[in-house]
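Listed here are the chains, written in short residue letters.
4 protein chains.
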Amino acid sequence: MIIAEVSIIPLGTKTPSVSKHLARAFRALQGEQNIKYELTSMGTIMEGDLGEILRVVRNMHESTFDGEVMRVVTTIKIDDRRDKTLGMRGKIESLLKKLEH
Amino acid sequence: MIIAEVSIIPLGTKTPSVSKHLARAFRALQGEQNIKYELTSMGTIMEGDLGEILRVVRNMHESTFDGEVMRVVTTIKIDDRRDKTLGMRGKIESLLKKLEH
Amino acid sequence: MIIAEVSIIPLGTKTPSVSKHLARAFRALQGEQNIKYELTSMGTIMEGDLGEILRVVRNMHESTFDGEVMRVVTTIKIDDRRDKTLGMRGKIESLLKKLEH
Amino acid sequence: MIIAEVSIIPLGTKTPSVSKHLARAFRALQGEQNIKYELTSMGTIMEGDLGEILRVVRNMHESTFDGEVMRVVTTIKIDDRRDKTLGMRGKIESLLKKLEH
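Residue numbers (my numbering), protein chains in the order written: chain A, 1283 to 1383; chain B, 1283 to 1383; chain C, 1283 to 1383; chain D, 1283 to 1383.
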């Protein structure tokens, strides 16, 4: 299980607002059963199997294109830790615990 | 006002757990009055003035070093939109509204 | 054809030097026939088919793990432009031409 | 001395081609005496003092805006190593040496 963050930027959209294009990408994620996800103001954070996440991110990337969008810059950041399993929640809790001391 | 995301990675820490080093970085942010922030499992998202955010990120980066940490990779992603002001919450709400349709 | 940049960071290594671990990742790329690549001081830039690049980046990510490396943060940035094909060289030349004016 | 990579993306442009806007950003870098830089197909890599690099990146970011460009996403990745000084060239040579073995 890994944690990943994906950020998708459509270029050449005529206006600075891109949320209607990101909505198409996000819908490609919503049907997934095996991936936990969280929407932030800078992207989407996911928890799941690396292969499945790469497949879904590719779907999200493809879904962003349409007649109006001819260029998309997608960034995926993978945090893959194999000595123990923390998860999205566990990572935050681990930091908060250190902050208490 | 901009939205930014910062991610800090200390290298050469002997163990895969780095939260005690990130706690030092995070403390450098906690005293700030003019920056709104949110902790995620992949970094910290901030809202505020660009100059102030760059100053604080530099403090966070510096605070990550200590006798044990001799290399730090810090990534700052700035989303600067000047046709209208959305904020961290506004960006998410804009996407959620598009998803309803 | 897309252009992508991959950056791999092994965490928890004994020293701040990580090049011996990155060498394993890079070897996973060297055998590839259908991907052009270029090594920079901040990562590796590739040109090729998106599906192939994602497969290779996954191999590179996996190859970074070993007995000493139990956590790896890998970032892939994909620039996918479908109105015309530029390539790594074409992108730079396009910018240099604009700089002349 | 640190190594940093900056990537600038103007959003909402009329076409997917953004090189004319990136040329403005790049010109803000060209006059700098104390920063070594290298243009790649995915961004610009710099070597120099952290404070100076942050100042220049901010200038590059600001220069990208104009009447047509009202939103810019800028990413700065800082690799700051304090146990020894490698530089852009040294980092690549260190990896190439490991690949020979």
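You may find that some hints are simply not true.
With a Cα cut of at most 30 Å, we get these calculated DSSO-like pairs of lysine-lysine [claimed, not checked]: (1) Lys1318(B) x Lys1366(B); (2) Lys1379(D) x Lys1296(C); (3) Lys1318(A) x Lys1318(B); (4) Lys1366(B) x Lys1296(A); (5) Lys1379(A) x Lys1379(C); (6) Lys1302(D) x Lys1318(D); (7) Lys1379(D) x Lys1296(D); (8) Lys1366(A) x Lys1296(C); (9) Lys1318(A) x Lys1380(A); (10) Lys1380(C) x Lys1379(A); (11) Lys1380(B) x Lys1318(B); (12) Lys1366(C) x Lys1296(A); (13) Lys1379(B) x Lys1318(B); (14) Lys1296(A) x Lys1296(C); (15) Lys1379(D) x Lys1366(C); (16) Lys1380(C) x Lys1296(D); (17) Lys1366(B) x Lys1380(B); (18) Lys1296(B) x Lys1302(D); (19) Lys1379(A) x Lys1302(A); (20) Lys1318(B) x Lys1302(B); (21) Lys1302(A) x Lys1296(C); (22) Lys1380(C) x Lys1302(C); (23) Lys1380(C) x Lys1296(C); (24) Lys1318(D) x Lys1302(A); (25) Lys1302(A) x Lys1296(B); (26) Lys1302(C) x Lys1296(D); (27) Lys1380(A) x Lys1366(A); (28) Lys1318(B) x Lys1380(A).
Hints were generated in silico from the structure; no laboratory data involved.
Hints violated by the structure (numbers, ascending): 5, 7, 10, 14, 15, 18, 19, 21, 22, 23, 24, 25 and 26
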